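Protein chains: 2
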Amino acid sequence: MPDRRYASWMDRLRVALCQLDTVVGDVGGNAERVLSGLARAEEEGADLVAFPELALTGYPPEDLLLKPAFLADNLAALSEVAGRTSVCAAVVGFVDVVGTEDLAEAAAGAAGAGVRSREAAVRGAPRLLRNAVAVCAGGRVAGVYHKRLLPNYGVFDEERWFGPGTGPLGLYTVGGVEVGVSICEDLWFAEGPVGALGRGGARVVVNVNASPYAVGRLGERLTLLRRRVAEAGCPVAYVNQVGGQDELVFDGGSLVMGAGGEVLAGGAQFVQAMVVADLELPPAPRAPSLASTPVSGPRPRREPLAPPPLPEPLSEEAEVYGALVLGTRDYLRKNGFTDAVVGLSGGIDSSLVALVAADALGPEHVHGLSMPSRYSSEGSRTDAEALAAALGIDLTAVPIEAAHRALGGLVAGALGAEPPGLTDENLQSRIRGVLLMAVSNAKGWIVLTTGNKSELATGYSTLYGDSAGGFAVIKDVPKTLVYRLCRYRNDVAGRALVPEGVLTKAPSAELRPGQRDDQSLPPYEVLDPVLDALVARDESIAEVVHAGFPAEVVERVARLVDSAEYKRRQSPPGIRISAKAFGKDRRMPITNRYLDRSYVPPVPSAPAGGDRDGGPGE
Amino acid sequence: MPDRRYASWMDRLRVALCQLDTVVGDVGGNAERVLSGLARAEEEGADLVAFPELALTGYPPEDLLLKPAFLADNLAALSEVAGRTSVCAAVVGFVDVVGTEDLAEAAAGAAGAGVRSREAAVRGAPRLLRNAVAVCAGGRVAGVYHKRLLPNYGVFDEERWFGPGTGPLGLYTVGGVEVGVSICEDLWFAEGPVGALGRGGARVVVNVNASPYAVGRLGERLTLLRRRVAEAGCPVAYVNQVGGQDELVFDGGSLVMGAGGEVLAGGAQFVQAMVVADLELPPAPRAPSLASTPVSGPRPRREPLAPPPLPEPLSEEAEVYGALVLGTRDYLRKNGFTDAVVGLSGGIDSSLVALVAADALGPEHVHGLSMPSRYSSEGSRTDAEALAAALGIDLTAVPIEAAHRALGGLVAGALGAEPPGLTDENLQSRIRGVLLMAVSNAKGWIVLTTGNKSELATGYSTLYGDSAGGFAVIKDVPKTLVYRLCRYRNDVAGRALVPEGVLTKAPSAELRPGQRDDQSLPPYEVLDPVLDALVARDESIAEVVHAGFPAEVVERVARLVDSAEYKRRQSPPGIRISAKAFGKDRRMPITNRYLDRSYVPPVPSAPAGGDRDGGPGE
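If you're matching them up, the sequences are chains G and D in order. Numbering follows this note's numbering, with no gaps: position 439 of the first sequence is 429. Numbering follows this note's numbering, with no gaps: position 495 of the second sequence is 485.
By construction, these hints were calculated from the structure, which means they are not laboratory data. It cannot be assumed that every hint is accurate.
Just so you know, same-sequence chains aren't split out, so a pair can sit in one copy or run between any two.
Listed next, the in silico EDC-like pairs over lysine to aspartate or glutamate satisfying Cα-Cα at most 16 Å (straight line) [what the hints assert, rightly or not]:
id : residue 1 : residue 2
1  : K574      : E52
2  : K574      : E181
3  : K433      : D329
4  : K433      : D414
5  : K495      : E293
6  : K433      : E354
7  : K433      : E408
Keep in mind it's a predicted model, so treat the numbers as computed, not measured.
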């Protein structure tokens, strides 16, 4: 219980939010990261330091959670961290194992096959595992909270592994103040625990997160936080993970929101940071109705901290660009790569990927490969050279004509005839894929794939050709946004890193004479909003037509999206920047005979093909 | 309520189980399939016909469930089917939408992004959608049952879309007999609805399924059915879907189990079938405690059916081979392919794939491509020819030397040096991938990929090379089982379809002189059980070592499995035959720094590389 002698004073709680970039599976390393944050929070005189959701395992650990040895490492790391706490209370995310002392039983149940283990599997993981935080101080774990609301939609599968927290809520008395703790999704719903903690006597609610970035997500979080602060009637301290993990980028943006909905302190997006703020808390109007576990007493009164400056809000382009840079840097760093190779065609997509790579890795770690064919324009070659020069990356030119002729001869031998046009187009693209992979093999550089979301959606790419590589930097960036990001980066640089010609010429794959994208696809200004309606919002053809788009375009795009599912399934991972990327967000069958018949055209439209790859799945 | 005048007689119920091969998304086609089964059941004089789980949408429909137009089509199809029922009651799987009349609201909630729709998303699909069966007769829907136990593990994500059935259980009076209905997972647990329906007065429980095949699954189902029959105290009629859907193969194996646990009737595995059986039901000992909805009255007494012959149980090899044939045939048929091309190396893997393809499609629809390099042995060429001749498939030979030289020159140009050994090995494999894809593009034949599970697990393959293609027939078949399946098929044929030399020579990729797999990998007799322990059972290194495998082998294999995750992510879909295939069964992060330190070697072991591809992700 708090010391009521000070009930007429404002209590002060110094809160530190440690916006960490953890690594999935690196339990020992994550514990070191947490301990280093804890040491800094102690130096700052914080009463409480909060780390992101599942800080010790990294987020999301996925099916590592079915390995008993992994669960055991995570519990050992929590003991280690708790043992090193002193005055400052640490709120540390970990995986709790409940209802058994036997971790092998826990995970064997969760993992196995067969009747016995299948029965166990269903109950196994969700019955035994909890997405948890421990509140630690004075060398021990004072209490544990289990996440109550588990996201199981979009990219999230938490009900696969975790059961929800149940039973009565409780508070923790930290620095003489009743604090409630909660985890991520717990914040997103009105009937969730945040309001209940506030009504039950919490004077601050801490919410720890691993909330992935998407365009506009920051604004949503602020809206939600304002609602929860109003329900709880007290400040909320929100800490979010930062960094890339496979397709997800976590943007940080941790903040403390006061009881009036004002942002008191905040961390920048896309960087590791520690936000420290003094909360001046009015006396509780009445005794808390929820029981409170004593964790730590008040520190001596100190000079208050000056309110820290708030980070500047980023433009949409700056935010997306920041996500791409961090996502690329972390994928390479966490997987042991220092360098990347990019095929530079002189087009806008490969230009943006080279920009991002140079910013993420440093230009000396980015290697351009120009692979002109008989159809490549002189302008494309000089644009690639100008870009490489402006970025300061090296560029090697390898004309593919000799391989094109040799492989064309082999294909003719296999077919007993000259390869038809589309086959020959794909052949050129695949020769480039093979070259890039050979460089990757020999040098140990990862291939950065240059396809954008508009292409991925419509299948306008060659499987194992331009879609080949280790990481697809802009796979969730629609073509129209690719242009905006290049212009944005040029503006920041104050000079044309991307040559003006690249920004203004008609997009072309240059795989046959005079080819232009708009011979196969609608103009991108039309295609991108149609894709957004069909894919991100799951609208029917009739709805998109009703919104004013030409029926034959919408129908054709819908068919292209469906028939390209098999190609997307083989595409490399890449950075999610939207609320619905291709991948875990959108789980469509490949074998799928659903035909949206919502729009009935006045006369039947002819089938059309915008596909550069007539291969499998069609 | 049943007519109690006959309470001293045995009641007879004629049950038909319609083991259908539905198509995901093909709502209209599935309705036709159901109606055609219904017509046949009426002809057979059945009182009740049961169709598989979600028969109208196909299973699993995945995120098609977020499209309002799709949900509406499914409801319209149910009305159509119900309207065509007469005396025979039909138990028809469909997606029910509850709590709203507005399908657009339902699915917009389930699909969208943003604060409002994210709140709706969580509640949206699971709040509004149910995995359901309708009991229909006399032109109407008499009642609807909602699945109560939802699988959310392994390949299943049902909690992403569905909420569980709740509220009181009920019975349906069909042909004068109280019948309980239940769906798939409802059968798997002792505390589930099957026992409760029996205790509540059901005299038969119908269980409709979409239960994917795995080695040994049939035996498990029988074990479970015996337990549930004992709990329910009445017969259970089990109907299962048949056919391939992307990576899953459903094996059918529908059956009726009597109250004593005896199998009264059964459908063969891997074929469409209708099982019809007369159940002689003793009078109910007491009035049912559950309410029963009248559906249909008793038919006039007829001559009883002779008990149908039970299908012969299949050997493990016959079962797996049957799954591969059906999975391949259905993937091609449902995706509009008639023909396939296979790269024939003269090795065991491509031999098995050609066998399966010829059985699935007919030999005239299978096309072999032999692509020898400077390192290919004469034996391999003649083995490929002998196989093609034995199967009656065509074979085109295209030596890759010219392309190998030309591309080798380009790679040397890009590197400024001759390509190192591994790069040159991958180059040959990728040239073959490019050739196969070119044939696919030009001819419209799908490329069948020939990699096995042991390779996929350890990354012993070349990305975009031998792993390229549209469908990976044996990706879940370990190498030792590949041998067994070839011998099995030779035995069935009574002659050496696969030449004896292929079965006895040492496995080799033939990408350098004198290469053998066992220079890079442990012998397959050791590798396969180690993989099974590490991957399927999630055992720690220490546990596998404790089971008697050499520590340095187990450690090395564990590292190979982890580091090959990025390659597996880009592999084509293929048939799941085990309870834990790579894919939806095993959701591992690519970026994963977890190191199993459970086994501490006496002296540190040197790192080893069994990887043919030094590319991205390493």
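Each hint, compared with the structure:
1. Taking the shortest Cα distances, K574 and E52 sit within 16 Å of each other both inside one copy (12 Å) and across copies (11 Å).
2. In this homomeric assembly, K574 and E181 never come within 16 Å of each other (Cα to Cα): the closest approach is 27 Å inside a single copy and 33 Å across copies.
3. When the C-alpha separation of K433 and D329 is checked against a cutoff of 16 Å, the pair qualifies only within one copy, where the shortest distance is 9 Å, while the shortest distance between copies is 39 Å.
4. Only between protomers do K433 and D414 lie at most 16 Å apart by alpha-carbon distance; the minimum there is 13 Å, versus 29 Å within a single protomer.
5. For the homomeric pair K495 and E293, neither the shortest alpha-carbon distance inside one copy (61 Å) nor that between copies (81 Å) is at most 16 Å.
6. Taking the shortest Cα distances, K433 and E354 sit within 16 Å of each other inside one copy (14 Å), while across copies they are farther apart (44 Å).
7. Proximity of K433 to E408 under the C-alpha cut-off of 16 Å is restricted to the inter-copy arrangement: shortest distance 12 Å between copies versus 35 Å within a copy.
Hints 2, 5 from the list above are not met by this structure, while the remaining hints are.
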